[in-house]
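The hints should help you fit chain B onto chain A, whose structure is shown.
These are the residues of each chain, in order.
2 protein chains.
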Amino acid sequence: MNNALHKDLIVIDGLQYSNWNRAIFKQLHEGGVTMVHATIVYHEQTRDTLKRIAEWNRHFEMNADLIMPVRSTTDIRHAKQQGKVGIMFGAQNCSPIEDDIGMIEVMRELNMMIMQLTYNNQSLLACGCYEAEDSGVTRFGQQVIREMNRVGMVIDMSHSGERSTLDAIELSQRPIVISHANPLSFHHAKRNKSDHVLKTLGESGGLLGFSLYPFHLKNGPDCTLNDFCDMVARTADLMGVEHIGIGTDLCQEQPVSVLEWMRNGSWSKEMDYGEGSKANADWPKPLAWFHDSRDFPTITNGLLKRGFSEENVARIMGLNWLNFFDDALQPLPQSAR
Amino acid sequence: MNNALHKDLIVIDGLQYSNWNRAIFKQLHEGGVTMVHATIVYHEQTRDTLKRIAEWNRHFEMNADLIMPVRSTTDIRHAKQQGKVGIMFGAQNCSPIEDDIGMIEVMRELNMMIMQLTYNNQSLLACGCYEAEDSGVTRFGQQVIREMNRVGMVIDMSHSGERSTLDAIELSQRPIVISHANPLSFHHAKRNKSDHVLKTLGESGGLLGFSLYPFHLKNGPDCTLNDFCDMVARTADLMGVEHIGIGTDLCQEQPVSVLEWMRNGSWSKEMDYGEGSKANADWPKPLAWFHDSRDFPTITNGLLKRGFSEENVARIMGLNWLNFFDDALQPLPQSAR
Numbered sequence: 001m002n003n004a005l006h007k008d009l010i011v012i013d014g015l016q017y018s019n020w021n022r023a024i025f026k027q028l029h030e031g032g033v034t035m036v037h038a039t040i041v042y043h044e045q046t047r048d049t050l051k052r053i054a055e056w057n058r059h060f061e062m063n064a065d066l067i068m069p070v071r072s073t074t075d076i077r078h079a080k081q082q083g084k085v086g087i088m089f090g091a092q093n094c095s096p097i098e099d100d101i102g103m104i105e106v107m108r109e110l111n112m113m114i115m116q117l118t119y120n121n122q123s124l125l126a127c128g129c130y131e132a133e134d135s136g137v138t139r140f141g142q143q144v145i146r147e148m149n150r151v152g153m154v155i156d157m158s159h160s161g162e163r164s165t166l167d168a169i170e171l172s173q174r175p176i177v178i179s180h181a182n183p184l185s186f187h188h189a190k191r192n193k194s195d196h197v198l199k200t201l202g203e204s205g206g207l208l209g210f211s212l213y214p215f216h217l218k219n220g221p222d223c224t225l226n227d228f229c230d231m232v233a234r235t236a237d238l239m240g241v242e243h244i245g246i247g248t249d250l251c252q253e254q255p256v257s258v259l260e261w262m263r264n265g266s267w268s269k270e271m272d273y274g275e276g277s278k279a280n281a282d283w284p285k286p287l288a289w290f291h292d293s294r295d296f297p298t299i300t301n302g303l304l305k306r307g308f309s310e311e312n313v314a315r316i317m318g319l320n321w322l323n324f325f326d327d328a329l330q331p332l333p334q335s336a337r
Numbered sequence: 001m002n003n004a005l006h007k008d009l010i011v012i013d014g015l016q017y018s019n020w021n022r023a024i025f026k027q028l029h030e031g032g033v034t035m036v037h038a039t040i041v042y043h044e045q046t047r048d049t050l051k052r053i054a055e056w057n058r059h060f061e062m063n064a065d066l067i068m069p070v071r072s073t074t075d076i077r078h079a080k081q082q083g084k085v086g087i088m089f090g091a092q093n094c095s096p097i098e099d100d101i102g103m104i105e106v107m108r109e110l111n112m113m114i115m116q117l118t119y120n121n122q123s124l125l126a127c128g129c130y131e132a133e134d135s136g137v138t139r140f141g142q143q144v145i146r147e148m149n150r151v152g153m154v155i156d157m158s159h160s161g162e163r164s165t166l167d168a169i170e171l172s173q174r175p176i177v178i179s180h181a182n183p184l185s186f187h188h189a190k191r192n193k194s195d196h197v198l199k200t201l202g203e204s205g206g207l208l209g210f211s212l213y214p215f216h217l218k219n220g221p222d223c224t225l226n227d228f229c230d231m232v233a234r235t236a237d238l239m240g241v242e243h244i245g246i247g248t249d250l251c252q253e254q255p256v257s258v259l260e261w262m263r264n265g266s267w268s269k270e271m272d273y274g275e276g277s278k279a280n281a282d283w284p285k286p287l288a289w290f291h292d293s294r295d296f297p298t299i300t301n302g303l304l305k306r307g308f309s310e311e312n313v314a315r316i317m318g319l320n321w322l323n324f325f326d327d328a329l330q331p332l333p334q335s336a337r
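Protein sequence lines correspond, in order, to chains A and B. FYI, my numbering numbers position 86 of the first sequence as 86, with every residue one higher than the one before it. FYI, my numbering numbers position 81 of the second sequence as 81, with every residue one higher than the one before it.
For reference, chain A alone in the conformation it holds in the complex (with noise of 0.2 Å):
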């Protein structure tokens, strides 16, 4: 019966960074998932950026029985009829944009849907979460949260520092996401998130997407699928069970190189470890209960038997999302602005 609900959901992963390929597409597949917010860059600038979206158009041609790319919110609700995965594009750092506020809109005619204003590091825009200190959105900021409004670009603080993320919120006319994070009082840890930074998301109508990234749950790889699902239950009551989703941060067959150069990008000389240390440099072991998208049902029934009503196991696996993006990426009418 559980299944049989879940292959009805629409199912959205608000964050995944895969080695994409045709097998993890099926794993989309097979997982029931209807969309996934796939991050095409980190620390690509612009030109690399449209090398990018060149390798995923060529996986849009190679793939097209499997996955087809979200241009608009009624593509969504078409991939779910359709019975394909839908892929979202999405920005882990501003440096698609590099130091040139004409190149949002340009990356939304693109279809890059969600940017993030900083990774873990200081940017042109705002401070990441890594930083000693945070002094908030700058003045290139300020006007970069004004064209994203504009133009229908969402707003990601996943990875910033603090004080910006509340600036963001307060910034932007529009309401923004962290969307792959959790709290801070489940799991303390440099991207998770304080309860007044979320309390604050939820008022002022953003979403959160819930991490299961190891590193960012009590107990790491051994977190269970309980203690994942109290912490839902109670950040529910915290923000309202409108305002929170799904957003595994699943980085499959990724090489550690990869996560090296996530960690490092081409900044440091020395090697940065991120959420890991020099004794634990590697990826992280999988949840046993979340290896990849196939497991998305085991999701959904956990949070069936935490006690959530279908009703808001949908929003939570999907439907706040597709709310949210329904809204987001319309760009702001005339009138508003």
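Keep in mind the hints are simulated off the structure, nothing from the lab. Treat the hints with care, as some may be off.
Derived Cβ-Cβ restraints for the label pairs, each shown as a range [to be verified]:
1. A:V106 <-> B:N21: 31 to 41 Å
2. B:N226 <-> A:S204: 56 to 66 Å
3. B:D326 <-> A:S257: 36 to 46 Å
List time: in silico SDA-like cross-link candidates among lysine to any residue, alpha-carbon distance up to 20 Å [what the hints assert, rightly or not]:
4. A:K278 <-> A:Q254
5. B:K269 <-> A:S172
6. A:K269 <-> B:M103
7. B:K190 <-> B:W283
8. A:K285 <-> A:G220
9. A:K199 <-> A:L171
10. A:K51 <-> B:R58
11. A:K190 <-> B:P284
12. B:K269 <-> A:Q334
13. B:K269 <-> A:Q143
14. A:K7 <-> A:R294
15. B:K190 <-> A:R139
16. A:K269 <-> B:Q334
17. A:K269 <-> B:K51
18. A:K51 <-> A:S266
19. A:K269 <-> B:A336
20. A:K269 <-> B:R150
21. B:K269 <-> A:G152
22. A:K51 <-> A:R71
23. B:K51 <-> A:E98
24. B:K190 <-> B:P284
25. A:K269 <-> B:T46
26. A:K51 <-> B:R47
27. A:K269 <-> B:P297
28. B:K80 <-> B:Q334
29. B:K26 <-> B:K51
30. A:K218 <-> A:M231
Computed from a prediction, not measured in an experiment: that's the story for all the values here. Backbone N, C-alpha and C define an ideal beta-carbon position, used for all residues, glycine too.
Just chain B, lined up with the frame of chain A:
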């Protein structure tokens, strides 16, 4: 007699950003300038920086009778001996290295001798003096300082915020410069520096180049030579006469479009007027006593008249810069790293 003294001096201008052409090279020559630190890039990134270097190579080819590239401090002395004007490359922003620590040594190999860690805005490295808040030198910034120290590239904090400047002085193993600015006590402007910064800079072996850009001067374009020389004298008392020089910030024959680009780069959809205002958007009127590089002897004469000894005038007009570069451009010995 005074002009005779000027003729014998090593005269170094710590910064110009003119629209370089043969007429301007002749003025430098006529004004007895031995070397000028020429800003070759503002907001240009790596590829466009190479374009600017190629343009300079063409200048060197076409004007070999007047100018020569400075590839070491020996070249400054050669320029003096040969009666040519040495050109030292510098960057007013860290955009030439983009997000890549490896570009520092590459740029140094191309004779980029000086680089600012920020222009007016926040950068990946530190904060600029136009941001509301300054969170200091970043994680990437710390690595860049170490690398600039290692390869012998001079750190310039002229356009940085106070805290970032103090951070850079402390973090850098080698003295740094503020190539073109004045004391805040002389004229209140975002670009001018507090006595605390200047004192710390002097104590650390650093160097301040006095700006002749009217926006940095008391009474703007009406600032008198006497007032300027008084400021020099007071700053000599504050910092020590070995720690001051000239950095005119002369921007000759640049159209307003370049001023707008300096102020706005491509980060803003609105007009930012920088040190000017909407009602005063153009280049400032030049000083009556310092129109262009032919007026360098006027400064020498003014300092003599103010009571500086010939020895100290020689220091301020160029020897301090020369001594600074003698050390600063050497790569750090392996043992000191």
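Okay, the hints, checked on the actual structure:
1. For V106 of chain A and N21 of chain B, the Cβ-Cβ distance of about 35 Å falls inside the hinted range of 31 to 41 Å, so the restraint holds.
2. The hinted window of 56 to 66 Å between N226 of chain B and S204 of chain A holds, with their beta carbons roughly 58 Å apart.
3. Checking the proposed 36 to 46 Å range against D326 of chain B and S257 of chain A shows it holds: the Cβ atoms sit about 43 Å from each other.
4. Between K278 of chain A and Q254 of chain A the CA atoms are separated by roughly 19 Å; this keeps the pair inside 20 Å, and the hint holds.
5. Distance check on the hinted pair: K269 of chain B and S172 of chain A sit about 17 Å apart at the alpha-carbon level, within 20 Å; holds.
6. For the suggested pair K269 of chain A and M103 of chain B, the alpha carbons sit about 12 Å apart, so the restraint of at most 20 Å is met.
7. Pair hint K190 of chain B plus W283 of chain B holds up; C-alpha atoms about 17 Å apart against a cutoff of 20 Å.
8. This hinted pair checks out: K285 of chain A and G220 of chain A have alpha carbons roughly 9 Å apart, not beyond 20 Å.
9. Taken as a hint, the K199 of chain A and L171 of chain A pair is honoured in the structure, with Cα atoms around 16 Å apart against an allowance of 20 Å.
10. At most 20 Å may separate the alpha-carbon atoms for a hinted pair to count; K51 of chain A and R58 of chain B exceed this at roughly 34 Å.
11. With a C-alpha separation of about 48 Å, the suggested pairing of K190 of chain A with P284 of chain B is violated against the 20 Å cut-off.
12. Annotation: proposed proximity of K269 of chain B to Q334 of chain A holds, straight-line Cα distance about 16 Å (limit 20 Å).
13. About 7 Å separates the Cα atoms of K269 of chain B and Q143 of chain A, which keeps this hinted pair within 20 Å; it holds.
14. A threshold of 20 Å between alpha carbons decides the hint, and for K7 of chain A with R294 of chain A the separation of about 12 Å falls inside it, so the pair holds.
15. At roughly 15 Å between alpha-carbon atoms, K190 of chain B and R139 of chain A fall within 20 Å of each other, so this suggested pair holds.
16. Distance hint between K269 of chain A and Q334 of chain B is fulfilled; the C-alpha atoms sit about 16 Å from each other, no more than 20 Å.
17. The hinted pair formed by K269 of chain A and K51 of chain B fails the criterion: a straight-line CA distance of about 27 Å is larger than 20 Å.
18. Proximity of K51 of chain A to S266 of chain A is assessed by CA-CA distance (about 18 Å); at most 20 Å being required, the pair is judged to hold.
19. For a cut-off of 20 Å, the pair hint linking K269 of chain A to A336 of chain B stands: about 17 Å separates their Cα positions.
20. Between K269 of chain A and R150 of chain B the alpha-carbon distance is near 12 Å, which keeps this suggested pair within the 20 Å criterion.
21. Distance restraint check for K269 of chain B and G152 of chain A: the Cα-Cα separation of roughly 17 Å lies within the 20 Å cut-off, and the hinted pair is therefore satisfied.
22. With a C-alpha separation of about 18 Å, the suggested pairing of K51 of chain A with R71 of chain A holds against the 20 Å cut-off.
23. Among the hinted pairs, K51 of chain B with E98 of chain A is consistent with the structure: their alpha-carbon atoms are about 19 Å apart, no more than 20 Å.
24. Distance hint between K190 of chain B and P284 of chain B is fulfilled; the C-alpha atoms sit about 16 Å from each other, no more than 20 Å.
25. Taken as a hint, the K269 of chain A and T46 of chain B pair is honoured in the structure, with Cα atoms around 19 Å apart against an allowance of 20 Å.
26. For a cut-off of 20 Å, the pair hint linking K51 of chain A to R47 of chain B stands: about 18 Å separates their Cα positions.
27. Among the hinted pairs, K269 of chain A with P297 of chain B is inconsistent with the structure: their alpha-carbon atoms are about 46 Å apart, more than 20 Å.
28. Taken as a hint, the K80 of chain B and Q334 of chain B pair is broken in the structure, with Cα atoms around 32 Å apart against an allowance of 20 Å.
29. With a C-alpha separation of about 24 Å, the suggested pairing of K26 of chain B with K51 of chain B is violated against the 20 Å cut-off.
30. Taking the CA atoms of K218 of chain A and M231 of chain A, the gap is near 10 Å; set against the 20 Å cutoff, the hint holds.
Of the numbered hints stated above, those contradicted by the structure are hints 10, 11, 17, 27, 28, 29, listed in ascending order.
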